[in-house]
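J.: Here's the letter readout for the chains.
2 protein chains.
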Amino acid sequence: MASALVLLSGGLDSTVTAAMARADGYDIDALTIRYGQRHERELRAAREVAQALDVDEHVELDVDLSAWGGSALTDEAEDVPVDREEDEMSEEIPVTYVPARNLVFLSLATSFAETREAETIYIGANAVDFSGYPDCRPAFLDAFETAAREGTKRGVEGQPVSIQAPLVDLTKAEIVELGNELQAPLELTWTCYQGGQQACGRCDACKLRLQGFAEAGVEDPVAYAE
Amino acid sequence: MASALVLLSGGLDSTVTAAMARADGYDIDALTIRYGQRHERELRAAREVAQALDVDEHVELDVDLSAWGGSALTDEAEDVPVDREEDEMSEEIPVTYVPARNLVFLSLATSFAETREAETIYIGANAVDFSGYPDCRPAFLDAFETAAREGTKRGVEGQPVSIQAPLVDLTKAEIVELGNELQAPLELTWTCYQGGQQACGRCDACKLRLQGFAEAGVEDPVAYAE
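Going line by line, the protein sequences match chains X and W.
Oh and the first sequence: position 48 is 47 in numbering that gives the first Met the number 0, straight run, nothing missing.
Oh and the second sequence: position 80 is 79 in numbering that gives the first Met the number 0, straight run, nothing missing.
Keep in mind the hints are simulated off the structure, nothing from the lab.
Hints should not be assumed to be uniformly reliable.
[Stated by the list, open to error] Under the rule of at most 35 Å between Cα atoms (straight-line distance), these lysine-lysine pairs were calculated in the DSBU-like manner:
(1) W/Lys152 to X/Lys152
(2) W/Lys152 to X/Lys206
(3) W/Lys206 to X/Lys206
Here chain X stands alone, though its shape is the one from the complex:
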């Protein structure tokens, strides 16, 4: 059976993406990056999702992007915004942007995939809603695929690793519906930008998730504080 490598953060999007790779008929390996997130909660989610989806090999790799800072997701000093309205969320590239994160993640996935002869890499990048992240757009993903082909042994030998971002054009509600159809383990996912026992329900990520479930008419299986 052909194999695929999935970038798995433990969030909703990467979990639905991993379920998609399975549904596409692949054996899957998964890569989770500990990049200096302020909390470890989503790493536990990644482990549980990997187990639920019967991942062959799940590598957790430390790459401390907080070494140079520049993001509210890795800097202790910067606050994650909460209780923002939709128009505020869509304004600009958010403070939760981590410089070149998907560039780094896809590069590491390419290195891993090359050693395992994985045909393709699945990433849960999504350019819709209020993401505003440059590294989630198709123009970036296409450019990356070209760079990876030119910069790897397999690429120059005519066996490049392709990149698949099946959620890139879906709304959050469509992602929830897809995950529901695929019976992805949504109850194990972690979306909240903050740590804690329960998701806060107030940060941009929680609000976007909750709105997606509401629009899809699916009950969010995760518990929220308050």
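Following the hints, put chain W in place on chain X, whose structure we already have.
T.: What follows is chain W alone, placed relative to chain X:
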């Protein structure tokens, strides 16, 4: 003064490249990646070179590419070849190829550079002689520059980080000559694929270096075993 970020391994090429960035008038920050090399000797070299070149900020980052193996430079099980003739060295992509190494390194450099507003990244990639590494070719470096522009906040805002590989078309002898002219601290560099107190003089990297110094008519200031 404008600033540049240099990928500094502690080897000859990256040291000459760093000296070039200085000569080009940049303040420099440096990034050294501990990617699971079998020895730590070259990390010491990187530190000493950074100090000699008055680097502003030198970050050493752990990114353990040996987590998935695939290279003689990170796998304990695989031997680094020694005493090979030139025609053997040029045959194919060598076992010392580390999957997607420059893709990973440049991605990390892009993340770092974005937070420091560095104008440009210097990398000592070199496509001449017997390198055979796909990720040292101009076609890859150009493709990477495009991917980095598309995948970063600065890129989409019209202030992309450029990539400079001033050694890419130089022979090893020309690199030695250039380093000599620039008064780069060649005596602090470490090239050998093996660890130890002194360079082995027998692996592909040592042989290529020695030949470069010989052709340039410059005495190699580094000591060799035997």
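J.: Indicate, hint by hint, whether the structure satisfies it.
T.: Here's how the hints hold up against the structure:
Between W/Lys152 and X/Lys152 the CA atoms are separated by roughly 29 Å; this keeps the pair inside 35 Å, and the hint holds. Between W/Lys152 and X/Lys206, the direct Cα distance comes to roughly 23 Å. Compliance with the 35 Å bound is thereby established for this hinted pair. A threshold of 35 Å between alpha carbons decides the hint, and for W/Lys206 with X/Lys206 the separation of about 60 Å lies outside it, so the pair is violated.
The structure fails hint 3 only (numbered hints given earlier).
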